[in-house]
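S.K.: With the sequences and hints as input, model every part of the structure.
Chain by chain, the residues:
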Amino acid sequence: MPLNMIVCCKQVLDPEAPPASFKIDPSTNKVIPPPGVPPVVSPFDEQAVEAALRIKDQQGGKITVLSLGNNLLRDVVKKPLSMGADELILLEDEAFEGGDSWSIANALATAIKKIGEYDLIFCGRQAADWDAGQVGTGIAEILGIPSVTVAKKVEATDGKAKVERVISDGYQVIEVTLPALITVSNELGEARYATLKGIMAAAKKQPTVWKPADIGLEPSQIGTAGRRAKLLKLFQPVKEGKCEIIEADTPAEAGTKLAAKLREAKVI
Amino acid sequence: MAENKGIMVYGEIVDGKISSITTELLGCGRKLADELKEDLSCILVGDKLGDAPKQTVAYGADKVYTAEDPLLKEYQTDSYVAVMEKAAKDLSPKIILFGQTSVGRDLAPRLAFRLGASLSMDCMELSIDPGTKLLHQTRSVYGGNARATFTSEIFPQMATVRQKAMSPLAPDESRKGEITPIKVELDPAKIRTKVLETVKEEVVGVKLEDAQAIVAGGRGIGGPDGFKQLEDLAKVLKGAVGASRPPCDNKWVPDTMQIGLTGKIVTPELYIAVGLSGASQHLAGCSGAKNIIAINKDPEANIYKEARFGVVGDWKQILPAFTEKVKELLAG
Ligand SMILES: Cc1cc2nc3c(=O)[nH]c(=O)nc-3n(C[C@H](O)[C@H](O)[C@H](O)COP(=O)(O)OP(=O)(O)OC[C@H]3O[C@@H](n4cnc5c(N)ncnc54)[C@H](O)[C@@H]3O)c2cc1C
Ligand SMILES: Nc1ncnc2c1ncn2[C@@H]1O[C@H](COP(=O)(O)O)[C@@H](O)[C@H]1O
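Chains A and B, in that order, give the protein sequences. So for the first sequence, the working numbering puts the first residue at 1; every next one is plus one. So for the second sequence, the working numbering puts the first residue at 1; every next one is plus one.
I should point out that these hints are in silico values taken from the structure, not numbers from a laboratory. Errors might be hidden in some of the hints.
[To be verified] Once the Cα atoms are required to be at most 25 Å apart in a straight line, the calculated PhoX-like pairs of lysine-lysine come out as: (1) A:K239 <-> B:K251; (2) B:K48 <-> B:K183; (3) B:K48 <-> A:K230; (4) A:K257 <-> A:K242; (5) A:K261 <-> B:K164; (6) B:K94 <-> A:K152; (7) A:K257 <-> B:K251; (8) A:K162 <-> B:K251; (9) B:K305 <-> A:K266; (10) A:K266 <-> B:K164; (11) B:K305 <-> A:K261; (12) B:K316 <-> B:K238; (13) B:K251 <-> A:K152; (14) A:K242 <-> B:K305; (15) A:K152 <-> B:K194; (16) B:K238 <-> A:K261; (17) A:K261 <-> B:K251.
M.R.: Below is the structure:
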């Protein structure tokens with residue numbers, strides 16, 4: 001049975017950029033984007049797209065991608081389209097800036113209500129910038145639908161989904177009634193690459209852009225104004241960084257010396 | 001509505017005992033409660049709680065609320081949120097703390113959104129602002145590259161706490177606490193999930209979370225065979241083997257071996273990082289280790305910023321001699 005699926009994808013600073021390039025502006029409590037490192041779709045969200053695509057491969061269906069932000073780079077947010085998603089809706093406005101889990105989940109849920117028809121909603125387990133891990137669950141709660149978090153496998157049949165949920169010492173198989181929201185983890189496996197055909201098709205597609213008013217949201221509900229958590233301070237932990245490098249003529253010797261050093265330092 | 005008062009810890013039970021994160025939460029909750037001069041309570045949810053309520057008192061709780069019902073045998077979002085929603089509304093705590101565990105990660109946000117409250121996940125530090133008496137919640141953000149401190153003026157203030165970030169109190173069996181069952185009325189028709197099966201990874205030897213020595217391998221190990229060599233070293237050290245994410249993603253080792261932000265949090269005495277670069281998301285899981293040792297062929301690798309001792313070079317040429325010498329030293 002073909003399913004209507006929605007995937008929420010966030011544009012974030014590349015989380016795999018070298019740690020040394022990470023800088024904060026303490027006066028604004030904001031991260032300074034590293035020059036020359038383009039943003040990406042948050043990695044777990046790409047895997048959420050993959051989870052939806054696997055279902056579409058099996059039984060058909062439609063995948064709508066939803067991204068909320070400001071100044072969204074079309075090349076970045078279109079990536080799910082080039083992987084095989086069907087439609088892209090952008091909630092894009094300056095007023096969305098500075099939101100927290102609460103205001104973001106509320107805006108996404110409101111947009112999903114406007115889309116109207118859905119069997120499955122996918123999110124990443126957490127966005128790779130603020131690592132909040134709340135928005136997916138929040139959307140489910142606002143929509144009044146069940147959620148299963150941290151999934152590594154999702155199958156859908158007969159109005160139900162069977163989800164493998166990762167737990168610390170293994171996994172659980174959980175059955176959930178549809179419509180449902182699933183958050184996806186890396187254990188799902190790698191997201192597919194965009195094909196050339198996919199990239200060309202995506203280039204032709206125009207995203208739909210919704211402003212806050214298009215989904216009936218007041219300025220007080222979104223962005224900084226809609227926050228429930230107050231950010232007091234953003235800072236970088238100080239690292240001492242004094243590693244003693246053990247050197248020797250050969251690697252084997254260095255290994256031996258390292259062991260002796262650990263004994264000397266009473267570590268072993 | 002009643003004034004919000006007191007700190008409530010959501011307790012978890014593993015194998016009939018309160019879990020280590022629960023003791024950590026009680027330790028941290030005790031401090032916050034004393035600062036506010038309010039009570040520390042613990043809520044336990046399950047089908048058979050046994051001795052767990054008494055244990056939470058020994059670890060610092062003034063009051064224990066118990067919700068026992070056969071429908072609560074296994075964690076399920078809908079049933080557990082229903083219990084916690086009722087508890088939060090009836091008991092109006094000022095602060096609710098959860099562990100950053102499989103359950104806490106799922107339950108806390110759902111409850112926060114239901115209550116209209118705000119929540120900080122994976123906190124590493126909690127304190128009471130001396131002026132406003134509000135809870136300050138410091139958590140790791142941007143994969144561990146930064147920290148952020150949040151607060152909220154909406155009650156209850158909610159947080160999940162990273163494992164091993166807080167210290168438990170020494171248990172005191174003579175402590176007195178009040179144990180109160182709370183009534184739960186669950187409608188099975190409103191539980192929209194069903195647990196069909198639980199599959200657990202068998203662990204031979206020491207569990208990662210408990211190990212005092214960990215040998216962790218990264219992408220540089222190159223495949224499952226390399227991990228056998230790490231196992232040899234771990235055996236000599238009576239420790240366990242862990243991994244960064246790529247070896248798990250590549251199926252060289254089970255997913256349950258992943259250490260880091262979205263894997264396990266470990267705090268051993270000795271952490272030997274082999275062929276892993278030390279990405280912030282990995283360090284989030286191991287930076288609490290007493291002594292980090294790095295073996296990497298790239299002298300610029302980020303892991304050297306966290307390590308106490310290191311060797312630069314190909315691990316394949318370094319590790320055998322290292323293991324041999326460690327064996328010799330530990331035997332002598
Ligand atoms: C939201 C999010 C959450 C994440 N959560 C986690 C997590 O929980 N845990 C985690 O580990 N990662 C996590 N990651 C991934 C993380 O960002 C890194 O990609 C990952 O940790 C890198 O693993 P690595 O160091 O093994 O691989 P690499 O970064 O590729 O490093 C391999 C290292 O091996 C060295 N090397 C190669 N060959 C040899 C050799 N023969 N001898 C010696 N050294 C050699 C190289 O010099 C290099 O430094 C997460 C990422 C995101 C975005
Ligand atoms: N601005 C956004 N646009 C689209 N999806 C988002 C946005 N923020 C969060 N999400 C979704 O919610 C998940 C969890 O985000 P978070 O709670 O912020 O860690 C992400 O992996 C996305 O799937």
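S.K.: If a hint holds in the structure, say so; if it does not, say that too.
M.R.: Hints, one by one, checked against the model:
1. A:K239 <-> B:K251: 33 Å, violated
2. B:K48 <-> B:K183: 15 Å, holds
3. B:K48 <-> A:K230: 39 Å, violated
4. A:K257 <-> A:K242: Holds, at about 18 Å.
5. A:K261 <-> B:K164: Measuring from Cα to Cα gives roughly 28 Å; hence the hint is violated.
6. B:K94 <-> A:K152: Violated, because 36 Å separates the two Cα atoms, which is more than 25 Å.
7. A:K257 <-> B:K251: 33 Å, violated
8. A:K162 <-> B:K251: 23 Å, holds
9. B:K305 <-> A:K266: Given pair K305 of chain B, K266 of chain A holds - Cα atoms ~21 Å apart, limit 25 Å.
10. A:K266 <-> B:K164: 24 Å, holds
11. B:K305 <-> A:K261: 19 Å, holds
12. B:K316 <-> B:K238: 21 Å, holds
13. B:K251 <-> A:K152: Holds: K251 of chain B and K152 of chain A sit about 14 Å apart, inside 25 Å.
14. A:K242 <-> B:K305: 7 Å, holds
15. A:K152 <-> B:K194: Holds, at roughly 17 Å.
16. B:K238 <-> A:K261: Given pair K238 of chain B, K261 of chain A holds - Cα atoms ~19 Å apart, limit 25 Å.
17. A:K261 <-> B:K251: 34 Å, violated
Checked against the numbered hints above, the structure violates hints 1, 3, 5, 6, 7 and 17; every other hint is satisfied.
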